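A.B. asks: Now for the letters of each chain:
There are 2 protein chains.
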Amino acid sequence: MKILEEKILKEGQAIDKDILKVDSFLNQQVDVELMEKIGKEFAKHFENKNITKVATIESSGIAPATLTALALNVPLVIFKKQPSKVLNDEFYSVETISFTKRNTYNLIASKKYLLKDDNILIIDDFLANGEASSSAMKIVNMAGANVAGIGIVIEKSFQPGREKLEKLGVDVYSLARIKKLEKGIVEFI
Amino acid sequence: MKILEEKILKEGQAIDKDILKVDSFLNQQVDVELMEKIGKEFAKHFENKNITKVATIESSGIAPATLTALALNVPLVIFKKQPSKVLNDEFYSVETISFTKRNTYNLIASKKYLLKDDNILIIDDFLANGEASSSAMKIVNMAGANVAGIGIVIEKSFQPGREKLEKLGVDVYSLARIKKLEKGIVEFI
Chain A
891 MKILEEKILK
901 EGQAIDKDIL
911 KVDSFLNQQV
921 DVELMEKIGK
931 EFAKHFENKN
941 ITKVATIESS
951 GIAPATLTAL
961 ALNVPLVIFK
971 KQPSKVLNDE
981 FYSVETISFT
991 KRNTYNLIAS
1001 KKYLLKDDNI
1011 LIIDDFLANG
1021 EASSSAMKIV
1031 NMAGANVAGI
1041 GIVIEKSFQP
1051 GREKLEKLGV
1061 DVYSLARIKK
1071 LEKGIVEFI
Chain B
891 MKILEEKILK
901 EGQAIDKDIL
911 KVDSFLNQQV
921 DVELMEKIGK
931 EFAKHFENKN
941 ITKVATIESS
951 GIAPATLTAL
961 ALNVPLVIFK
971 KQPSKVLNDE
981 FYSVETISFT
991 KRNTYNLIAS
1001 KKYLLKDDNI
1011 LIIDDFLANG
1021 EASSSAMKIV
1031 NMAGANVAGI
1041 GIVIEKSFQP
1051 GREKLEKLGV
1061 DVYSLARIKK
1071 LEKGIVEFI
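Each protein sequence line maps, in turn, to chains A and B. In terms of the working numbering, the first sequence is numbered consecutively and its last residue is 1079. In terms of the working numbering, the second sequence is numbered consecutively and its last residue is 1079.
Treat the hints loosely; a few may be bogus.
Any copy will do: because identical chains look the same in the list, a pair fits if it lies in one copy or spans two.
[What the hints assert, rightly or not] Keeping only pairs whose Cα atoms sit at most 30 angstroms apart, straight-line, the calculated BS3-like set for lysine-lysine is:
| id | residue 1 | residue 2 |
| --- | --- | --- |
| 1 | K975 | K1054 |
| 2 | K934 | K911 |
| 3 | K900 | K1001 |
| 4 | K971 | K1057 |
| 5 | K897 | K927 |
| 6 | K907 | K1002 |
| 7 | K1001 | K971 |
| 8 | K1002 | K1069 |
| 9 | K934 | K1069 |
| 10 | K1001 | K911 |
| 11 | K1006 | K1054 |
| 12 | K1028 | K971 |
| 13 | K1002 | K897 |
| 14 | K900 | K1006 |
| 15 | K911 | K1002 |
| 16 | K1054 | K1001 |
| 17 | K897 | K971 |
| 18 | K1069 | K939 |
| 19 | K1070 | K1002 |
| 20 | K911 | K971 |
| 21 | K897 | K970 |
Calculated from the structure, these hints are not laboratory results. Keep in mind it's a predicted model, so treat the numbers as computed, not measured.
Input sequences plus hints: build the corresponding full structure.
C.D. replies: Right, here's the structure in full:
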């Protein structure tokens, strides 16, 4: 998505070979007009997949996922990160590693809003190692529902996330795919 | 806001005299069409206040705040909850009590996206004791910016939040104001 790549080149900060900060339009501050365009782009890509719900992971996924759900005219389900184990049979829970934050959390989702005949589009801000997205897929599968696809705003293609998700047989659609990062330099595929 | 009150009566679960669960359209699952109407209503109420940015608190405030920012055509800034003290001069930080979760967290916001001449509309999902909203106000004030108003989706008017915020001299606009809760019963003002 050209407008997103241009925004990344203009405002993104490549800190080192692994870290890209996009605080000015996605993580701390959100460019909601850009998110609306992103939502419409995801909706267009997945429009023939009979999506029944969009799901996302708190909290940086929520803004783009809200506008994707609005464009598709379906509800949004929010998967939450809990530091400690949730012993509660109202929730699905999957232990998840965060490489970025170097910790482990439980990704949880209310059982009530994931139904057997749901066809879920998962939206997230970043794809790196694919831990969060594959935990989200596990939760959808625990509900007996189908993952119709995964929409990613920014993919770090030099990390193994995409390969991992594609092995699970899912359509991964990323709006910006980064081939290489270096301090001050961003290269797209 | 009539459509919101009707949704609360239809889908909200009054657990006891303090707790209202609105998991089906605001907290676990999000009715994005309703959030769009909510965003437009906040935008209409505050349209003459020269709002430069919308701010919200992760994570249930993000969906309604995204659609308010979109309706006002301004950026959104997300204030985040950190369990431990953030010793980092890139962030404003205010220690905050959560009565609901019976814990304390640090509400933080990047200094970069709050400027002296900003006129901020704070949006949040619930107003109860006013702890989160008044911490958000403190952060805006730490930046030397102005709080133009506070928009709340659901106010528990029997708790002291509104009084606390009004004493700080701010315009609080709540879309649903609950006078009384009892198991199975919700009464509006």
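A.B. asks: Find the hints from earlier in the document that the structure breaks and name them by number, from lowest to highest.
C.D. replies: none
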